[in-house]
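> For this one, chain A is given, so just place chains B, C and D on it according to the hints.
4 protein chains.
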Amino acid sequence: MIIVLKSGVSDPEVADICQRVRDLGYQPHTIRGEVKTVIAAVGEERGQPDLRLLEALETVEAVMPVQQPFKLASRETRGEPTEIGINGVTVGGGRVPVMAGPCSVESEAQVLEVAEAVKAAGASILRGGAYKPRTSPYAFQGLKEQGLRYLAEARKRTGLPVVTEVLETESVELVAEYADILQIGARNVQNFTLLRRVGETGKPVLLKRGMATSIQEFLLSAEYVLSAGNRQVMLCERGIRTFETSTRFTLDLNAVPVLKKLSHLPVVVDPSHGTGHWDLVAPMAKAAVACGADALIIEVHPRPAEALSDGPQSLKPSRFAQLVRELRPVAEAVGRTL
Amino acid sequence: MIIVLKSGVSDPEVADICQRVRDLGYQPHTIRGEVKTVIAAVGEERGQPDLRLLEALETVEAVMPVQQPFKLASRETRGEPTEIGINGVTVGGGRVPVMAGPCSVESEAQVLEVAEAVKAAGASILRGGAYKPRTSPYAFQGLKEQGLRYLAEARKRTGLPVVTEVLETESVELVAEYADILQIGARNVQNFTLLRRVGETGKPVLLKRGMATSIQEFLLSAEYVLSAGNRQVMLCERGIRTFETSTRFTLDLNAVPVLKKLSHLPVVVDPSHGTGHWDLVAPMAKAAVACGADALIIEVHPRPAEALSDGPQSLKPSRFAQLVRELRPVAEAVGRTL
Amino acid sequence: MIIVLKSGVSDPEVADICQRVRDLGYQPHTIRGEVKTVIAAVGEERGQPDLRLLEALETVEAVMPVQQPFKLASRETRGEPTEIGINGVTVGGGRVPVMAGPCSVESEAQVLEVAEAVKAAGASILRGGAYKPRTSPYAFQGLKEQGLRYLAEARKRTGLPVVTEVLETESVELVAEYADILQIGARNVQNFTLLRRVGETGKPVLLKRGMATSIQEFLLSAEYVLSAGNRQVMLCERGIRTFETSTRFTLDLNAVPVLKKLSHLPVVVDPSHGTGHWDLVAPMAKAAVACGADALIIEVHPRPAEALSDGPQSLKPSRFAQLVRELRPVAEAVGRTL
Amino acid sequence: MIIVLKSGVSDPEVADICQRVRDLGYQPHTIRGEVKTVIAAVGEERGQPDLRLLEALETVEAVMPVQQPFKLASRETRGEPTEIGINGVTVGGGRVPVMAGPCSVESEAQVLEVAEAVKAAGASILRGGAYKPRTSPYAFQGLKEQGLRYLAEARKRTGLPVVTEVLETESVELVAEYADILQIGARNVQNFTLLRRVGETGKPVLLKRGMATSIQEFLLSAEYVLSAGNRQVMLCERGIRTFETSTRFTLDLNAVPVLKKLSHLPVVVDPSHGTGHWDLVAPMAKAAVACGADALIIEVHPRPAEALSDGPQSLKPSRFAQLVRELRPVAEAVGRTL
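Residue numbers (the working numbering), protein chains in the order written: chain A, 1 to 338; chain B, 1 to 338; chain C, 1 to 338; chain D, 1 to 338.
Bound-form chain A, shown alone (with noise of 0.2 Å):
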């Protein structure tokens, strides 16, 4: 940590912080420049006290720390990629699986009638929502139990593995009899006991970033799965909030590459609730696959205009195998496969 000081501070207040530096055991280092005299704190920063708190003095101008803050989803950590395999899925490594399905499960029909046909087009993974948050009290909140059958259902037939989202402490054990892949919602990104809970389950983990959520913050959300025991972590970028209205969300592909860099954690692209209109998925998820994304999450629905939730934003299935075979070329100019 640097710790920077007040303007015409004295000998002895700079003492007193070195000594609170000391205390809270850090090596303090003082450099007394022209202006600013900074003291630079030497110590392992993460899990010890965090020296921000100095910032409460009145001698002290900032407290800048050196160190990012998470440990497990470091790439200082772990230089190589993690691979995380689901029923024979890979995600990380040299292919770029793709998760297909409705926004919510509605009906035992609908959800197998989608999951037919997102296999067919090339998907390797099947969505699909039993617990939905909803904005609003009086909007569908989901089949639940029975919406996690059904998805059991679909994978059966298809071998397609699940994701799903859970949404509560209550019912992670329930999800994950059913589910491949637990998704956690961007509303919950900070919910933190949920996120311990899903860690202690050992079960891949799809982790959206929320929709004010920093990098730094995303992969801490990740660090409390992590340090729960649970390494199979997935980051989910599906859009951020900003100014702009013409997306329903703004769609930060830049997090892609910055998190490969700080992290050695895959990381997957949602451009359906990234956007918020089918028409902008398709460029979108051919930017994502561009830029480094090592998988993508897709909403699909055989009739959006009449979907309990997302319509706009779901492709029609023909639409969906039409982007599947324009992403594959995508894919091989980067290196990769779809």
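Worth double-checking, as some hints may not be accurate.
[Claimed, not checked] In silico DSS-like cross-links for lysine-lysine, where the CA-CA straight-line distance does not exceed 27 Å:
| hint | chain 1 | residue 1 | chain 2 | residue 2 |
| --- | --- | --- | --- | --- |
| 1 | B | Lys261 | D | Lys6 |
| 2 | C | Lys203 | A | Lys316 |
| 3 | D | Lys6 | A | Lys261 |
| 4 | D | Lys261 | B | Lys316 |
| 5 | D | Lys316 | A | Lys6 |
| 6 | C | Lys6 | D | Lys144 |
| 7 | C | Lys260 | B | Lys261 |
| 8 | D | Lys144 | D | Lys156 |
| 9 | A | Lys316 | C | Lys6 |
| 10 | B | Lys6 | C | Lys316 |
| 11 | B | Lys260 | C | Lys6 |
| 12 | D | Lys261 | A | Lys260 |
[Claimed, not checked] One side only, chain B facing chain D, incomplete, derived with CB under 7 Å:
| hint | residue |
| --- | --- |
| 13 | Ala62 |
| 14 | Arg248 |
| 15 | Thr250 |
| 16 | Val258 |
| 17 | Gly292 |
[Unchecked claim] Covered stretches of chain D (in silico footprint by chain A; criterion: 3 or more residues with CB under 8 Å from a CB of chain A, positions within the stretch not fixed):
| hint | segment |
| --- | --- |
| 18 | 34-44 |
| 19 | 63-74 |
| 20 | 219-233 |
| 21 | 242-253 |
Simulated from the structure, these hints should not be mistaken for laboratory data. Computed from a prediction, not measured in an experiment: that's the story for all the values here. Cβ atoms here follow ideal geometry from the backbone N, Cα and C, with glycine treated the same way.
Relative to the frame of chain A, chains B, C and D by itself:
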């Protein structure tokens, strides 16, 4: 809802959309302009299927709601302001109570010391966190039930009612046993299961706005609590995330008059989290009262530079006492008392 | 326009608003819903008085436009994409040209060195700043006319057309004498006098999106240039300002398909300014091409750590050459060439 | 500056960076931590080459400034607050003057009517736009010099000094002939040529913060005016762009105490543009005064629903008069007068 069609849509296509509107339970009115055709769909929008799914059609350019989607939280449902009584303290009336206390409960001595100090200074409600949502898994996570017991002891000694955060559904009952007000933190503002659960307790709820929660979404989160049968909801502005980094968050005081225009629920302001710097708390607290806040919630710690969380934004008791003195004339200037 | 009235508005008040709508040259259609009354105002909105001023009435809740406010920039006005020819290079066609060069022109030797290098690597247009808009008055402000002369010399030697920024109305003529493309920087995107002036020159214009410019505002800025009689406008996405600090700006690639859907103008992407870090330029350049960008503009400097501006986001010539090689298959994957 | 090196950097690489630091005129101090090595570069940062260019090196992870980059605008340069006198009105002292008037000057009758009304209500300075920066080229662009003449006539009749916007360098001299205060609009906050030019006039300047301008950039823009020899700069907060759409912009009142902490320049608040809705102007004006604003600037129009610009955010004269009455006790509550 207003459905704006794409240019060049044919008559049969318009008829198809009108039929879909009828099927969803609304009455369509078509208006043909020089450039655009729009369909006004007349009917009660709340609690009904959301016409926005028609955006999934290729013939539709946009669907624009004309009603606010919340009902119980709305001024149109209830004209007069809601007043919430907590052991003799009223939030939402002519008096502007101040809630104060440490970010985290750290020890019995600490919470008792702060409780006595803030009571002497003029606070009417004691705040303090026993369950702490921390960005990093390596940071102090709170004393949990032990912390609740210390808060209860502080209430016994000072008579101050207690507001404390509930982090997860499993501990709602436990926290509700000890607390007078259940706080839902910013990171849980769209944890819909938790919202329903605190709604079912019937206890007063302090609902914090998330860092990327729009006013409309915020009121829909309140609607979850209200629709569980609990009318005692306080809305708390605590800073949103913007590009500006000179403050930890951007305290959005505009939310105060906007919320009071749209809703009958009382509005609380948290200048400590909203700014992140103790020396900005006083001016922003005064501004909050001046623009109509119904209550304040402020972090106070006897030794901020040793606090286990949020030291940099905590006031020392003496500064807090001075702030309360300075707030009184501001409250009176806008026709209220402190 | 759709005018949404407040609940409880009386018949004479509705009549008054309808009369105001007529006075402003529109035909009103009143639709009475169960909860809300709305008035649809039919007529050409563009170039007409803006009905949004009716929001000033206490009887009006909101006024919602149904047409995009730009005309000449719109796909509805011109269906086929605009191609812009610059000395034999076409922007907006099947080929995706790369503009490259230093942020600032620093010396004749430097610009000649870079120009030769980027040409050899496959760039088709030379970029370089002679007039520099710098956040601090103490930073290097550019070589001005001297810099323009060096750029012209580089063009003479390499044959590459030159794009360079024009900062102020007084120097439009001078810059237009030397440059092949006039660049309007992000900070001038709403400098309307400058937009008109470059419009009058008839020279191709590269218009950069501002860091807080919405897509709609961006196209209205283009409309200023177009309505001055100049149809040769390229729209350049270069990063918007969000809460995320791991990149200098957030390159908003969603803007590429959104702009191409709304407008016929070609879209250029600047991954150097958009990310601010040289090691993010390559992945984001590939993503830009994959989602449909018509051209790229990239900063290249022989010795970035000695650059007078923007060193951290500049590529060395060897890395640039490698990027161009890697971009070719990506362009082909989406049916284009580089 | 603090230069944080990448993990695993070798001794010769550290020596190379130290040499570069020396070459740039700073003294390097190397601190080796357990995980990271940092180099503190000691020296005056302002007006010097920016060490951040060392981020271009592959051995450098980040460069962090420890000094604010502005000098003349800083409290460290000048401790006591700057007071600016304008024909007998002082901004920055114990009194909080109110600037009021129409968004646009529309006719002589209109500006005279408003000027008389706001003077009677207690305003001390007349605002009004003769040159209007409009998002759309089809919107009313102002009466230009004619408008300036009407403003001068209004000053003659009422004695109120005039603040009006200058849009472009060519009209600086002309506007300076008529105006008492030159306003730089939000869209021109980084139009550095214009900033220098108004600096050279020596006239008081009202500098509006841009919608995506950080506090630091804002003060650097002020530095352009100050370093041209003009010390009479007022900083005006007028709303920033965020994700929230219930207000036109998000008026960032936090900027008031932050600016007053960092700078000696007076701070003005514009609640009209900041919120975009007339019914939010009064509460936010009170909040602005409560948190320390030195002046207010408010739009007033006799018939807002017929205004040629910004009607929805304009107050009628009677409401403005009421607001001034309500502001007086708020000013007194914070030790000032109105």
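> Are the Cα positions of C:Lys203 and A:Lys316 separated by 27 Å at most?
violated (44 Å)
> Checking C-beta pairs, does the segment 34-44 of chain D have three or more residues closer than 8 Å to chain A?
With 8 residues in contact (Cβ-Cβ under 8 Å with chain A), the coverage given for the segment 34-44 of chain D holds.
> Does the nearest C-beta of chain D fall within a distance shorter than 7 Å of the C-beta of B:Val258?
Holds, because the Cβ-Cβ distance from B:Val258 to chain D comes to roughly 5 Å (cut-off 7 Å).
> Against the 27 Å threshold, does the CA-CA distance of C:Lys6 and D:Lys144 hold or violate the hint?
Violated - the C-alpha atoms of D:Lys144 and C:Lys6 are around 37 Å apart, more than 27 Å.
> For the restraint on B:Thr250, tell me whether the closest CB of chain D is nearer than 7 Å.
Given a least distance of 6 Å, the restraint on B:Thr250 holds.
> Within a Cα-Cα threshold of 27 Å, do D:Lys144 and D:Lys156 meet the stated pairing?
It holds: about 19 Å lies between the C-alpha atoms, which stays within 27 Å.
> Would the hint on B:Ala62 be counted as holding, given a Cβ-Cβ threshold of 7 Å to chain D?
violated (15 Å)
> For the pair we were handed, A:Lys316 and C:Lys6, check the Cα-Cα distance against 27 Å.
violated (39 Å)
> For the pair we were handed, D:Lys261 and A:Lys260, check the Cα-Cα distance against 27 Å.
Violated, at about 39 Å.
> Does D:Lys6 pair with A:Lys261 here, judged by a C-alpha cut-off of 27 Å?
holds (12 Å)
> Could you grab the alpha-carbon distance between D:Lys316 and A:Lys6 and see if it respects the 27 Å cut-off?
violated (47 Å)
> Can the restraint linking C:Lys260 and B:Lys261 be considered satisfied, given a maximum Cα separation of 27 Å?
violated (39 Å)
Checked against the numbered hints listed earlier, the structure breaks hints 1, 2, 5, 6, 7, 9, 10, 12, 13, 14, 20; every other hint is satisfied.
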